[in-house]
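For the protein sequence lines, the chains are A and B, in the order given. Note that numbering that gives the first Met the number 0 has the first sequence beginning at 0, numbered continuously upward. Note that numbering that gives the first Met the number 0 has the second sequence beginning at 0, numbered continuously upward.
Here are the computed lysine to any residue pairs in the SDA-like style, where the Cα-Cα straight-line distance is at most 20 Å:
(1) Lys-46(A) x Thr-164(A)
(2) Lys-98(A) x Lys-526(B)
(3) Lys-119(A) x Thr-470(B)
(4) Lys-530(B) x Val-555(B)
(5) Lys-357(B) x Arg-305(B)
(6) Lys-349(B) x Thr-263(A)
(7) Lys-349(B) x Gly-249(A)
(8) Lys-140(A) x Val-213(A)
(9) Lys-186(A) x Phe-367(B)
(10) Lys-119(A) x Gln-492(B)
(11) Lys-98(A) x Asp-103(B)
(12) Lys-137(B) x Tyr-435(B)
(13) Lys-526(B) x Arg-545(B)
(14) Lys-168(A) x Ser-145(A)
(15) Lys-403(B) x Ala-431(B)
(16) Lys-98(A) x Glu-563(B)
(17) Lys-349(B) x Pro-86(A)
(18) Lys-224(A) x Gln-291(B)
(19) Lys-482(B) x Ser-117(A)
(20) Lys-530(B) x Asn-104(B)
(21) Lys-161(A) x Ser-43(A)
(22) Lys-170(B) x Lys-255(B)
(23) Lys-224(A) x Gln-189(A)
(24) Lys-224(A) x Gly-289(B)
(25) Lys-98(A) x Asn-104(B)
(26) Lys-314(A) x Ser-364(B)
(27) Lys-526(B) x His-95(A)
(28) Lys-356(B) x Leu-268(A)
It is worth saying that the hints were derived from the structure and are not from the lab. Just so we're clear, the structure is a prediction, and the values are computed from it rather than from any experiment.
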Amino acid sequence: MPTHDHYVIIGNGPAGNAAAFTLRENDPDAAITIISHENICFYSKPKLVKYLAGKVDEDALAVRTMDEYRRRHIRLRLGQTVAHIDPDSQSLHLSHMEKVHYTDLIIASGARARLLPSMKPYADCLTFVTEFNDTRGLRKKIADGSRFFIFGGDLVAFKFLKMLTDMGKQVTLLLYPRAFWPHRLTKDMQDAIVKNLAPTGADILADDDLDTIVQDQGKYCVTTKQGVRTQADLVFSFNGLIPEVDFARGCGLEIDHGILVDETMRTSLEHIFACGSCAQIYNPDINTYTTSIGWPNAQVQGKVAGLNLLGEHHKVRPAGRKYFDLEGVKIKTSWWEDLEKGKDT
Amino acid sequence: MKKNGLYSKEEKIFQDKNKLYRAHSVKQIAYSTDPRDFGQVAKSIPCQEACPARTNIPGYIRCINEKRYGRAYELNRGANIMPGVLGRICSRPCETACRHGAPDNGVSVGICHLKRACADLKSPMHRIIEGLYAPTGKSVAVVGSGPAGLAAAHDLAILGHRPVIFESMEKPGGMLMYGIPEFRLPRDLLMTEINNILRLGVELKTSQAVGTHITLETLTQEFDAVVVAAGCTKPRVLEVDGEDLENVYNGLEFMKAVNAGETPVVGNTVAVIGAGFTAVDCARSAIRLGAQQVAMHIRKTMDDMRIDETEKHEARFEGIGVESLVQPVKILGENGKVTGIQFVRTRIEKTGTPPFKKSVPIADSEFFIPCDSVIAALGQAPDVHDVSDAFTGLDKDSPATGVKGVFAAGDFVTGSTDVISAIAGGRRTALAVDLYLTDMERKKTVVRLESHATTDRPRSYDFIDRVPMNTIAMDQRLADHTKEVETGFDPDQALEESQRCYLCNLKYEIDPLRCIYCSACIDVAPKDCIKMVETIPVNADGTYGRYVQTGQWNQVVSITIDNEACIRCGQCYDVCPMDCISVTKTELIQMDMDE
Ligand SMILES: Cc1cc2nc3c(=O)[nH]c(=O)nc-3n(C[C@H](O)[C@H](O)[C@H](O)COP(=O)(O)OP(=O)(O)OC[C@H]3O[C@@H](n4cnc5c(N)ncnc54)[C@H](O)[C@@H]3O)c2cc1C
Ligand SMILES: Cc1cc2nc3c(=O)[nH]c(=O)nc-3n(C[C@H](O)[C@H](O)[C@H](O)COP(=O)(O)OP(=O)(O)OC[C@H]3O[C@@H](n4cnc5c(N)ncnc54)[C@H](O)[C@@H]3O)c2cc1C
Ligand code: SF4
Ligand code: SF4
Ligand code: SF4
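Based on the sequences and whatever the hints tell you, model everything.
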């Protein structure tokens, strides 16, 4: 029986894809569309690190081929950006002025790099890596460069540090204790991290802050508040992520850091679900709100959103281990799994 | 655009065209009281409609664009009385409504920063202009010299009455003087704008608390009318255990102490509770008092915070954290001093009455945070009985109080709002008092319509990024607590920001009698702004309703420009082969009733 349902998913990451394929498995007839502003098929963000290190090629990043979407009649609209949601008319406004109607909507728009307010004047000097687009031209710069500066303290920061030191590059890390919301690294944790990272040979600065960055002929001179001065070919900023939800503001959705959802992935508005790292959820295990962290968790949430959209009543339980390991320091959270650890492709 | 030279050629052509049009055009001016014109102005100029004082925003931005800063300042002053003050601390409802910030259009115009720019950049020789009415011989007592009291006194003086302000504090200004910190509002500037009001013949009596030093009854006997604008002075309390511990401050008291030059003890870690202006000012002041870690704790979400983005940014820049969706359960202490707070997490629940949501605690979600001091900034309520027991029928939508000859204005009657609402309220009350005293309606609002031969701005202006405000560095902020953080725009920056305004006061219209339905205009339109219309319904109040559109040519009655969607790019105007698109400048103005 043909239906007129049109399920629209904003986001082509693990959450959006899990949602779309779950919907298709359980509803063979509905129209399903994934909209993503990135112009690339579903790829692995965790593998970006190896890609940048020159260990794997672009092809190896792909998680799914175009053909799979064709076979399942899931429409992919790549390179298109959602500008606004109009829940009253159940439509999305795309930035090229098109309107897309939905019967139900799943927001899986992920997160983008956080630019610390104090770093705003130096935004042009900083390099962020949160999506494939950010890596264009970067592979060569990393291969050619010899000294790098990393400012931050989130999970990706440490991955990058190890990647660069493994490549024999000289690295300075300035630890920012509040990079990993909602957790704040205490003095003891910072000390432990500094100690545990010692074997990498990187210079680790703690209890300090960035003061200025001066760009000169393609190189950067970084000065910290304590007066440490370093030259670098690139300055990376890995200070956590903020949910990519600006387009959803002002439409009536309850938004805090991310879009607020309950454990069934329902938002405050009817017909709208949110999942993955754009969604904020209360986690009773650690007694705080968090946004979803990590790939497996995004997938679980996407699946639950898809099933509940079709009328079921599943609840998410945090996936993976209860503690994650931040360079030897155990932080109680339940949302992260290091997918690339140990695997050497 | 001097900076990058990107637009210079286009601008040049545009300016030449402009000159040519000006030389050949004859201005046609009309005044209208037709409800359709009022409706059109309200919908077309969203920023002005959102401003409680109805400031002519596109008008003054246009003047800044022409470097006529003095005129821009006067256009502001005519509506909001204290442009230099508001240009720094206004809550900016206009920017939330600005068309440039609509989905797809980018970011709102820096309306407030431009207001400050005209105040800063006007000539030191600038003269203020006031149209004074003849003296009436009537006197009015005004209780309170906050923005509402000052605005009421200003208008009463203009209308020929003799206002006398009774203020309980030593200095005038209300929360402008005692609440808002000096690093956001320099006191010499505040006093200049207050003195501009006092100079009109307003008498100020300070250290005179009505209800304590003098009764309301005496005022009603000695004056022809009384305006009570005593603001909100009674702090809301947390109602949790431990509130009486040492180092637990009330937000307003804390700010008053800071503004008096005192240095309350805050320790290293400060927990501020509250989400409004006062909370942010307390947090930023605590940082200046030497605190290392300051966080604001709010019951709802970050999105629900009632402060504008610039202030949020400054707070974040100064390192102030926000803990959202939490509610204090009790304050813990040792030896009479604070050691921390126990909180519970909350979630948002829908309700049937405004604001249609509330925060409710999540069961078993208690947690503790250590801190050295607590500042409870939950806002204030009016202390009505402090002034008089006579008030029983206060209504927040009416200047009348139920007591004959006694009127009310500002936060005292509306509850905590913001400075611009208090000023607008003060002005409204002054008109009500004037009617009571003279039995004459002396002013009317009309729509001024003026033919406009040009489209005024090239399309490239639509892509200019918002100009960020200049600020001083963190070490300077810490070195001098009272040093103003924002330093204003220079003339180039003001010009650049002014170019971003669409000038929504220009109304674009198609003459249906000349239109040949070629749809050339629709083809070039950057928005869904030109519509094929079947009918335009008229609302009960005489204004136009929403267009009924059609896609079928045989049903099209006219091709019409939707001035709510139009971004005044002028492209339709340029391509129309029949020259049937006209531009009219629309403006709300105050006229004397007998004019
Ligand atoms: C370098 C790097 C290494 C990582 N390593 C690991 C790891 O080892 N293990 C692990 O578990 N996790 C890792 N992560 C994190 C993991 O990739 C993310 O948690 C996960 O991708 C989140 O999935 P998501 O579906 O919520 O969002 P995303 O994967 O971020 O997808 C968001 C999608 O939304 C789209 N979108 C956003 N806004 C719009 C809009 N307005 N209009 C249209 N489309 C829009 C984007 O185009 C994108 O397709 C890593 C991340 C990075 C950057
Ligand atoms: C810390 C703080 C920061 C703020 N920041 C902003 C901001 O950035 N932007 C913004 O728009 N708004 C802000 N506000 C709100 C704004 O200041 C008020 O809404 C506004 O001042 C209200 O004006 P008002 O004239 O009604 O009352 P008030 O400004 O409160 O003035 C009332 C006056 O009456 C006097 N008074 C009281 N009782 C008596 C009596 N019995 N006899 C004689 N005089 C009496 C008081 O001393 C006071 O001077 C802030 C408020 C606070 C507390
Ligand atoms: S673009 Fe200009 S006139 Fe239009 S709403 Fe914004 S500030 Fe007002
Ligand atoms: S000026 Fe004309 S083309 Fe431009 S936005 Fe307005 S109606 Fe549309
Ligand atoms: S371009 Fe002129 S004539 Fe053609 S449809 Fe538009 S208004 Fe009518």
